[in-house]
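Number of protein chains: 2
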Amino acid sequence: MVKARKYVVKKHFQGVPKRDDFEIVEQELPPLKDGEILVKAEWISVDPYLRAYNARTPIPYDQFSYQVAVVTESKNPDYPVGTRVVSHKGWRDYTIFNPTVKTDDKNASLYKLPDLHGLSPSLGVGAVGMPGATAYFGFLEICKPKAGETVVVTGAAGAVGSIVGQIAKIKGCRVIGFAGSDDKVQWLEKELGFDKAFNYKTVDILKSLKEAAPKGVDCYFDNVGGEISSLILSQMNDYGRASVCGSISAYNEDPSKMPKATIIQPSLVFKQLKVEGFLVWRWDGRWPEAFAELVNWIKSGKLKAREHVTEGFDKLYDAFTGMLAGENSGKAVVKV
Amino acid sequence: MVKARKYVVKKHFQGVPKRDDFEIVEQELPPLKDGEILVKAEWISVDPYLRAYNARTPIPYDQFSYQVAVVTESKNPDYPVGTRVVSHKGWRDYTIFNPTVKTDDKNASLYKLPDLHGLSPSLGVGAVGMPGATAYFGFLEICKPKAGETVVVTGAAGAVGSIVGQIAKIKGCRVIGFAGSDDKVQWLEKELGFDKAFNYKTVDILKSLKEAAPKGVDCYFDNVGGEISSLILSQMNDYGRASVCGSISAYNEDPSKMPKATIIQPSLVFKQLKVEGFLVWRWDGRWPEAFAELVNWIKSGKLKAREHVTEGFDKLYDAFTGMLAGENSGKAVVKV
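Taken in order, these protein sequences are the chains called E and C.
Using my numbering, the first residue of the first sequence is number 200, and each one after it goes up by one.
Using my numbering, the first residue of the second sequence is number 200, and each one after it goes up by one.
You may find that some hints are simply not true.
Put simply, identical chains are the same to the list, so a pair is met inside one copy or across any two.
In silico DSSO-like pairs for lysine-lysine, Cα to Cα no more than 30 Å straight-line [as the list claims (entries may be wrong)]:
id: 1; residue 1: Lys459; residue 2: Lys409
id: 2; residue 1: Lys395; residue 2: Lys456
id: 3; residue 1: Lys311; residue 2: Lys414
id: 4; residue 1: Lys345; residue 2: Lys456
id: 5; residue 1: Lys409; residue 2: Lys368
id: 6; residue 1: Lys470; residue 2: Lys459
In short, the hints are calculated from the structure, not lab data.
Just so it is clear, the structure is predicted and the values come from calculations on it, not from any experiment.
If we strip away everything but chain E, and leave its shape as in the complex, we get (with noise of 0.2 Å):
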């Protein structure tokens, strides 16, 4: 018999997460039938999505998030002890799965952890996982920068916005990022290649914008949303391109009070722009085809993936509000 531990969600947030809005409940799991694994967690995330999806989601709920997992017990002889697999299970230390019944419900399916030619397989939930896929197409295919161009990245210290300016280096862009500490400005400018970062709670946002990106804006990708983003998009090019990833900034408010920012219609009239928000899980059957790429920036130097690593389950709520509070920079992930 295996106990396994689990977080439910047992109340929709207000404002900032509380260690009880969370029960750490214990289960046991009963023996494995044939064609299923038993896996236990190595790596949990946490991640800004984990907030905004609460009051979406019905409580009480599992909290849901990527992990790698490794198996420990095996019924399914494609999965032997020791695969590592990739699930949005979450929050929680042993899984049963049965890898040969095909779903829909992403919450119930896995992946093989890709091949990370000897890379932490930590990045399985950063890098090389669903961040680095966000990164990847959410820049790419909705932003689809050109060499030479103008990049503007919000929270650029984050898992996504550091390897969103990062490929956009790789691509010959100019890039400018947007963060919340002066240590978070140094790390973008000194160590991944920015070539100008600010942070925004000190600098004059539009002056800085204006003096950093004297062309104008080309390609925005936009983690926070809020004021700063209608001051961008307010510097923006003719035909300007807006990849809408997340709004932080107002994660932690009432839904149905959401804050208010200068109207950006007169921006997206008079220069053209298009603005679009998207879920990556809109390239699902594509991920693999980021992962190899990403896997090779890595290996090459070309990309830097670091982490912000907090040890132990039992911290996976400290983790979490302190990834909220911008504690991190980097992807901040749990080791179980």
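Got chain E; can you put chain C on it based on the hints?
Showing chain C alone in chain E's frame:
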């Protein structure tokens, strides 16, 4: 010697344009040279974009807009006396052109009035002119509506909105319009065949929309911007498309202090919406394609092109501010 009169804009408007922001200037026109024509305006257009471009145009400037004029004197065999032409010469009565000189300057070029098959030449600045092309391309090319989809139009009783709604009906869509008076609502529902119309000044917009579009909104044609747009975008279906044509709600505001509205990024992300602004000159070369179809629809009774006619060159200012105040149903035009 012919004396021409034109309106010169002397000031950048503050709020609603004032009569003395304009000056009527007379000038004597020289005798025609070979290749030139003298034309006399018959119909002059007043449109929201004249207000919007004021802050973006160095003063003083001649008030541009579209006009239909007739050739009264000709030294160009391709343009005999009586030929009708459409130009962007705006608020002036007599003008000399040399049509053989090609120019990229929109304000100096002209084209022959399309064959209207007996319809009023005034349509050359309306349903079979720039506003018609705006409705046709801005809706069909950007919203890409499919039969059975639900379309929402704001500024629905205006020159562009009223045509967009009717094109949407022709394409088999369910059409909901927002306009600014009960009379306009009546006209949209009873005469133009909108499935539902609302007076945005008196109804609960969100509630009305949920009732009229229980299956959500697929396409949004946005003439107004501001809070109503945030509300409509919040009711859109996955992969909805919004075409942003204008933001008249903000045109009388100080451009350095645009109003705020509820942020739209969460709607964009979770519904994967695409929002695109446009200027109709993008499709310059294709206008004749729209004009041919629009004439057919009008001749066959599928599309009604109502005009709100003001008489007299001296009334251009009143027609303009009346249009900005929403006094018109259909295309506001001045008969010279």
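Next item on the list: List in ascending order the numbers of the hints, as given earlier, that are violated by the structure.
Entry: 3 and 4
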